[in-house]
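Undergrad: Take a look at the letters that make up each chain.
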Amino acid sequence: MNRTKQYIRLRVNGEEREVAVSPNRTLLEVLREDLLLFGTKEACDDGACGVCTVLVDGKPMRSCLLLAVRMEGKEITTIEGIAQAGALHPIQQAFIDQGAIQCGFCTPGMILTAKALLDEKPEPSTYEIRRAISGNLCRCTGYNKIVDAIGSVAALAKGGR
Amino acid sequence: MRLPFFEYHEPASIDQAVRIILEHGGACRVLAGGTELLPLMKFGLARPSNLVSLAKIGGLSGISSKDGTLRIGAMTTLTELAANEAVRQQFTALHEAVESVAAPPIRNGATVAGNLCQNSRCLFYNQSDIWRKERPPCFKAGGDVCLAVPGGKKCFSVYQGDLAPALIALGGRITLRKEGSSRSAPCEALFSGQALKPIALDDEFVTEILLDTLPAGTHSAYRRLSVRSAIDYPLVSAAACLSFGRDGKIEAARVLIGAAGPAPLQARETADMLLGKKPHEIDLREVSQAAGRGAQMVDNLVLSGSYRRKMIPVVARRAIEAAIQEALGKERSR
Numbered sequence: 001m002n003r004t005k006q007y008i009r010l011r012v013n014g015e016e017r018e019v020a021v022s023p024n025r026t027l028l029e030v031l032r033e034d035l036l037l038f039g040t041k042e043a044c045d046d047g048a049c050g051v052c053t054v055l056v057d058g059k060p061m062r063s064c065l066l067l068a069v070r071m072e073g074k075e076i077t078t079i080e081g082i083a084q085a086g087a088l089h090p091i092q093q094a095f096i097d098q099g100a101i102q103c104g105f106c107t108p109g110m111i112l113t114a115k116a117l118l119d120e121k122p123e124p125s126t127y128e129i130r131r132a133i134s135g136n137l138c139r140c141t142g143y144n145k146i147v148d149a150i151g152s153v154a155a156l157a158k159g160g161r
Numbered sequence: 001m002r003l004p005f006f007e008y009h010e011p012a013s014i015d016q017a018v019r020i021i022l023e024h025g026g027a028c029r030v031l032a033g034g035t036e037l038l039p040l041m042k043f044g045l046a047r048p049s050n051l052v053s054l055a056k057i058g059g060l061s062g063i064s065s066k067d068g069t070l071r072i073g074a075m076t077t078l079t080e081l082a083a084n085e086a087v088r089q090q091f092t093a094l095h096e097a098v099e100s101v102a103a104p105p106i107r108n109g110a111t112v113a114g115n116l117c118q119n120s121r122c123l124f125y126n127q128s129d130i131w132r133k134e135r136p137p138c139f140k141a142g143g144d145v146c147l148a149v150p151g152g153k154k155c156f157s158v159y160q161g162d163l164a165p166a167l168i169a170l171g172g173r174i175t176l177r178k179e180g181s182s183r184s185a186p187c188e189a190l191f192s193g194q195a196l197k198p199i200a201l202d203d204e205f206v207t208e209i210l211l212d213t214l215p216a217g218t219h220s221a222y223r224r225l226s227v228r229s230a231i232d233y234p235l236v237s238a239a240a241c242l243s244f245g246r247d248g249k250i251e252a253a254r255v256l257i258g259a260a261g262p263a264p265l266q267a268r269e270t271a272d273m274l275l276g277k278k279p280h281e282i283d284l285r286e287v288s289q290a291a292g293r294g295a296q297m298v299d300n301l302v303l304s305g306s307y308r309r310k311m312i313p314v315v316a317r318r319a320i321e322a323a324i325q326e327a328l329g330k331e332r333s334r
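First to last, the protein sequences are chains A and B.
In terms of the working numbering, the first sequence has 55 at position 55, counting the first letter as 1, and numbering is strictly consecutive.
In terms of the working numbering, the second sequence has 307 at position 307, counting the first letter as 1, and numbering is strictly consecutive.
For the record, the hints were derived by calculation from the structure and aren't laboratory data.
For each residue, glycine too, the CB sits at the ideal point set by N, CA and C.
Warning: the hint list may mix true and false statements.
Each computed BS3-like pair below joins lysine-lysine, with the alpha-carbon atoms no more than 27 Å apart [stated by the list, open to error]: (1) B:K56 with A:K59; (2) B:K56 with B:K178; (3) B:K56 with A:K74.
Over 12 Å on every C-beta distance to chain B, these chain A residues come out as not near it, computed from the model [said to hold, decoys possible]: (4) R11; (5) N13; (6) E29; (7) C49; (8) G50; (9) E75; (10) A85; (11) Q93; (12) D97; (13) G109; (14) G135.
Excised from the complex, chain B in its bound form:
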């Protein structure tokens, strides 16, 4: 498969990049690691006439810590993130999430912001040109049918990023840049909730991810279900972040479900049920059952929608249990 022709830009600064993007408008795409965009272009699913590489812009990669905030540059590779000791020690869910992405040679190229801003996927959309030519174009391809749900009135493609559920659970923030201004927003602000265009960015791009030091007694975990451990995208995933008080009761909880719709899903009911409980008081079965409410699962990934729906409580339970175990383990080793 050949890449279609495009013009390649390699600006040296963010302002220069922003100018090129403004000049070319929708015909322009930002190129980070390329592990998602280039396959989409090979499949004819993205047809930018201009690519703006961020590789030569200084200061966009690397991980640093300042005033209790960990700053992860947008162009930091997943390998660098996985190897970072501060992340491993403090932000277990993020460490586990990044370790679960694809395989080492992909992680050597893929970037943190690229992983966050990935498009939603569907078995009937992420196919070659030849495959898709045999069928009418679906909503995501600009048509007016859903190939996954006959008679479906909207697109059901699934956001399958691993990092986003973990980052949202950990209270991560992103810095967004556009011409002349930059702003900070919580990670969840990235998502539109619309499968046609899951990432709610138009003229902005992510320059960094910020993680504030978590309160003492906070523990997190990430678990996912996939057919093979390498290469595959998650078919269901869950991130849990629990803060235990001095009395051993959970004071704050966030549980996120991934690959269950066009954006990571906040399992608010589950989180509320965990509040005020000590580990031994938690009915894990009941708590995790509540996690799947609001999930949108149809037959558009390699495992059926009904099976994936049943797996949400299983994966959520694993994540919550792992976070509790980490809390108990660290308490014991103190």
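Bound conformation, chain A alone:
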């Protein structure tokens, strides 16, 4: 069997990257093992839990269910890429302020899912927040503080106008 690797070019957190990948490798594996971006977590590995969520062209997707060879030319945002000039992203800050992090394992996926929601809809209702994060499992917080944290950023956006 032909086991040649393919070169793919993609933008990860605004930076052009080129990696050689076998077709059977997932974006999650490439992010963690080749690009050493360990912020994207690996848990169920079959699409159920949401911890591996990254933004692909701004949309939250499961990196464990994406073949890396399909990411040619895509813009990938991981949790490492959302802080600006050393300052935490408002959603990251809100998660800290609201106590929405316990073990922290679901946090990168939660924050990126929330970012995609708030980018599309700066003032979502509580229902919309709950629906947006419905595919991200958290076994510690009971979700309320996560919903509060995302809501507080939405409220900030409202107050800022």
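Fit chain B to the known structure of chain A by using the hints.
TA: Below, chain B without anything else, positioned relative to chain A:
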């Protein structure tokens, strides 16, 4: 879990894709969004040596309308389908069905045809390699026992797609392509009725889904039962599509039950009982009780077969009621 090695093909046209599939035969699988196939491969339940991606083929995604027919490309993502205004306005059951599938990050990748052509599932089959090694292989895994029904003589795995019941209720059609030809068929033609191989396609694949404009006064709804609203597959679902005449009587009715066997189940008796009735004349209890006949429910999903059987009339009633409510609401707002 690592994906086993495979060769990856990214053809630029349907004809090219068809040629690759013919060349590799059964060792080849078509890759759409990958949200079903890749987990199956990780679990060792699918072992294709070649994957043919449809991602680079132009014209397979997107929703358009022409001559009163809505065309949904096979590679349209579930997110795009959920956001489509024409679908929301006219094909409520399909809109509700797609909104109920998994969670937003999955819907961003999953495709319409991929959802339609998904394999049937069972608590004793959809497990990791290690889990399955402790037991004899079941019918679905190529063995000769059923692990869900001791002594069972056949496979009882369940088709749990959300879109198919809604599309069949709405009279949807699919376009199938193979080398040198394409044909149109009603959505129900996709299903073999056999749990071992629920999708009746061999050398063809779905390129588009077509929905004709429904007659005025047609209303539809989709309801489902699942343990959690996100991620889970439906454990029972129902789609209802009712056409009301000018006199307020139901002139055409289709009720489909999902996750009740290897294919969506037509609740013909229920549909017949609705015909010729005005909303207030319908005995919802009696009508929905008839919906579960012919369903095949055994203990192979997270809720027991007997419970799921009892839930068929409940879910069917919710769908029929919602379609009637929509009809009454729209009448009032006219």
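Undergrad: The output says R11 (chain A) does not contact chain B. Does that hold with a beta carbon cutoff of 12 Å?
TA: 18 Å, holds
Undergrad: Taking the minimum C-beta separation from Q93 (chain A) to chain B, is that value above 12 Å?
TA: 23 Å, holds
Undergrad: Run the C-beta distances from G135 (chain A) to all of chain B and say if the shortest one exceeds 12 Å.
TA: Violated, because the least Cβ-Cβ distance between G135 (chain A) and chain B comes to about 2 Å, which does not exceed 12 Å.
Undergrad: Holds or violated: K56 (chain B) with K178 (chain B), Cα cutoff 27 Å?
TA: 18 Å, holds
Undergrad: Would you say C49 (chain A) is clear of chain B, with no C-beta pair closer than or equal to 12 Å?
TA: 8 Å, violated
Undergrad: Hey, is G50 (chain A) genuinely clear of chain B, shortest beta carbon separation above 12 Å?
TA: The claim breaks: G50 (chain A) does not keep its Cβ more than 12 Å from every Cβ of chain B (closest is about 6 Å).
Undergrad: Would the least Cβ to Cβ distance between E75 (chain A) and chain B come out above 12 Å?
TA: 14 Å, holds
Undergrad: Would D97 (chain A) pass as off the interface with chain B, using Cβ distances and a cut of 12 Å?
TA: Answer for D97 (chain A): holds, closest chain B Cβ roughly 25 Å.
Undergrad: According to the definition I'm using, a residue is off the interface if its beta carbon is farther than 12 Å from all beta carbons of the partner; does E29 (chain A) meet that for chain B?
TA: Contrary to the label, E29 (chain A) does not stay out of reach of chain B, its closest Cβ about 8 Å off (not over 12 Å).
Undergrad: Is it correct that the beta-carbon of N13 (chain A) has no partner in chain B closer than or equal to 12 Å?
TA: 19 Å, holds
Undergrad: Verify this label for me: G109 (chain A) is non-interface relative to chain B, using a Cβ-Cβ cutoff of 12 Å.
TA: Violated, because the least Cβ-Cβ distance between G109 (chain A) and chain B comes to about 8 Å, which does not exceed 12 Å.
Undergrad: Would you mind confirming whether the straight-line C-alpha gap from K56 (chain B) to K59 (chain A) stays at or under 27 Å?
TA: 19 Å, holds
Of the hints listed earlier, those the structure fails to meet are numbers 6, 7, 8, 13 and 14, in rising order.
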